[in-house]
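Please take these sequences and the hints and turn them into a complete structure.
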Amino acid sequence: MNSIPNDPKTINVYLKTPAPNRPPQPDVDDRRPLKKKKPATMSKDAKALRMIRQITDRYVGHGYDNRDLEACFDDIMKEERRSVRIAREEDEMEAKLIAEEEERERQRKLLKLRPRGNHTLRNRSMEYSKLKARVDLLERNQRY
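Residues in the sequence shown are numbered from 1 upward in steps of one, following UniProt numbering.
Hints are computed from structural coordinates only; laboratory data are not their basis.
By construction, the Cβ of each residue, glycine as well, lies at the ideal position given by its N, Cα and C atoms.
Wrong hints could be hidden among the right ones.
Unchecked claim - Below 25 Å or equal to it, Euclidean Cα-Cα: the simulated DSS-like pairs (lysine-lysine) are:
#1 Lys130 with Lys96
#2 Lys47 with Lys36
#3 Lys109 with Lys130
Claimed, not checked - Restraint-style ranges between C-beta atoms, simulated for each label pair:
#4 Asn141 with Val84: 25 to 33 Å
#5 Glu127 with Lys96: 21 to 29 Å
#6 Arg82 with Ala48: 43 to 51 Å
#7 Asp75 with Glu127: 54 to 62 Å
#8 Glu100 with Glu70: 42 to 50 Å
Right, here's the structure in full:
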């Protein structure tokens, strides 16, 4: 059961038939792994520039997507209501601070005024101590 026949006529036919097309065999050199390239020696300046580029290019492509920046009418109105509320709170705080400052100024002016008329020394010292206590209280509240 040999694959090659023994008959001379068939041997000629067998030898005349072309061999099946096969891809060319790679050279022995192609099978060897390629040599690794030697890393290029970098100067200190080049290394520093490379580090800076790595730092600045870290988020390249992130954050420049405009698809999420669309806002509908409800989002805009929600933001407007929030802005109005914050502005109102800031105005109330500022008005409160102005009123407290005016009250302190008024109390200071009262302290500077001397009582006139038939007031005794005792009444003057009591009035002064009351006004002084109020000014101190207002100043303590201002700090906190």
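List in ascending order the numbers of the hints, as given earlier, that are violated by the structure. The structure conflicts with no hint, since it agrees with every one listed earlier.
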